[in-house]
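Chemist: As a plain string of letters, each chain reads:
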Amino acid sequence: MKSDLHFKESNITFLKLFVFLILSISFLFLDKDLQYGNKVRNNISYLIQPVYSLANFPSKLNDNIQTFFKSKSELMEENKILKKKIQIQSGIIQKIPSLTEENNRLKKLLDSSTSVNSSRILLAELIRVNLSPFSNKIIINKGSDKNLSIGQTVIDSTGILGQISEINQTFSVVTLITDPGHALLGVNTRTKKRIVISGTGDNRKLKAMYIALNEDVVEGDSLITSGLDNVFPEGYLIGKISKINKDMNQDFLDVSVVPSSALSSNREVMVLW
Amino acid sequence: MVIINKVHIVTIVFLMIGIILNLIPLPDLLAATKPPILLLILIYWSLAFPKHISLTYAFVSGVIMDILLITPIGYHALCFTITIYLILIYYPQMRLQSSWNKMASLLIILIPYFLMSTAVNNILGISFNLVHIIFSVLISVIIWPGLFNVLRFIRQKYTS
Chain A
1 MKSDLHFKES NITFLKLFVF LILSISFLFL DKDLQYGNKV RNNISYLIQP
51 VYSLANFPSK LNDNIQTFFK SKSELMEENK ILKKKIQIQS GIIQKIPSLT
101 EENNRLKKLL DSSTSVNSSR ILLAELIRVN LSPFSNKIII NKGSDKNLSI
151 GQTVIDSTGI LGQISEINQT FSVVTLITDP GHALLGVNTR TKKRIVISGT
201 GDNRKLKAMY IALNEDVVEG DSLITSGLDN VFPEGYLIGK ISKINKDMNQ
251 DFLDVSVVPS SALSSNREVM VLW
Chain B
1 MVIINKVHIV TIVFLMIGII LNLIPLPDLL AATKPPILLL ILIYWSLAFP
51 KHISLTYAFV SGVIMDILLI TPIGYHALCF TITIYLILIY YPQMRLQSSW
101 NKMASLLIIL IPYFLMSTAV NNILGISFNL VHIIFSVLIS VIIWPGLFNV
151 LRFIRQKYTS
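Residue numbers (our numbering), protein chains in the order written: chain A, 1 to 273; chain B, 1 to 160.
Watch out, some of these pointers could steer you wrong.
Below are the EDC-like pairs computed for lysine to aspartate or glutamate, each with C-alpha atoms no more than 20 Å apart in a straight line [claimed, not checked]:
no. : chain 1 : residue 1 : chain 2 : residue 2
1   : B       : Lys-34    : A       : Asp-202
2   : A       : Lys-60    : B       : Asp-28
3   : A       : Lys-205   : B       : Asp-28
4   : A       : Lys-192   : B       : Asp-28
5   : A       : Lys-193   : A       : Asp-229
Quick caveat, the hints were computed from the structure, so don't treat them as lab data.
Whenever a hint applies, use it, and build me the whole structure from the sequences.
Modeler: Rendered as structure tokens:
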């Protein structure tokens, strides 16, 4: 009798295992094709948000404690440096209107029709939660309530970060340019040659693809966005070429690029329109 | 019946704590080699109450993890379900083992978990670093006795 019961139970367990395996595998493949994970998250984002804030709390607390215990002299020093920085930058900005005018005039002369797109900037803060170590995604605290849309560019003060890949009510997910499934079209500023730049999964490394063996690339060349992929606006810094590996047996050069933005140690980012 | 209800409540509370612990930001290197803390908590509870804390818990908490960690839905659910099934098969042996033996058994049970997750990573084209994964398994095994004792203390205090 007892063994009968045990048998029955293990049968049920096996059935459960079977059902759950089928369910999760079908979920996986459905999600890969239909992206319904996004919809699920969107519908219950009011439940997810508090969990994220709770997980974010320790690092926020740490920040607050650090600012609280900063001495006055330190703050004054920092203030001085920031003021200097603003002065220098506003000095540079003064030249921009005349430069745009000159640029437009020259473009007219050349009969080219590309226009400098005036972009609006929205400041967003990172929600620092530890996603899976294999994911190259970050979460920012602005969502559909601020009229964001999928595909918008996210930058920080030093370069391009990535694009928005998922939007929820109060937060959205940014896929970084280092994601292995992500590629964008850049331009070498020195030679004006276009280069496809793809992510590697490593936060400090990108790779430039399909560069012919005899092409003119040098370590230290900086790459900017080309604007030709219709996702990223033109002229933002992507990174610098750090290493070129020439192997005559391969079809293309093996070129590593270091992203210019601090992809892992960011706090505030900007969303472009 | 009251005790069983208590078991469920305590388990759910601890799984929630595990989810939050999983999400707390860490420095880069630590984050990469972070042990699957929620899975370890789940393993403890299913070792303690295999009749009550079983595959349904594994599947549901896996789906919750997928939603929160922005992985494809089903990824953690699949890995958790398989691991907890292994626990359900081996819990009579594992309960009798000494602490060192338990660490070894945990290693054996976690290896299929990580093989499964790397296989799914491969199929879905998610990149991963094998060294980090190996370190993650080793760290899980090292912290297991401590975690086990803490959770056992809590279990004896609150569920009996």
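Chemist: Does the structure keep Lys-193(A) and Asp-229(A) at a Cα separation of 20 Å or less?
Modeler: holds, 15 Å
Chemist: Run the distance test for Lys-60(A) versus Asp-28(B): straight-line Cα separation, threshold 20 Å.
Modeler: holds, 17 Å
Chemist: Taken at face value, is the distance from the CA of Asp-28(B) to the CA of Lys-192(A) at most 20 Å?
Modeler: violated, 35 Å
Chemist: Holds or violated: are the alpha carbons of Lys-205(A) and Asp-28(B) at most 20 Å from each other?
Modeler: holds, 15 Å
Chemist: Does the alpha-carbon distance linking Lys-34(B) and Asp-202(A) stay inside the 20 Å limit?
Modeler: Given pair Lys-34(B), Asp-202(A) holds - Cα atoms ~17 Å apart, limit 20 Å.
Checked against the numbered hints above, the structure violates only hint 4.
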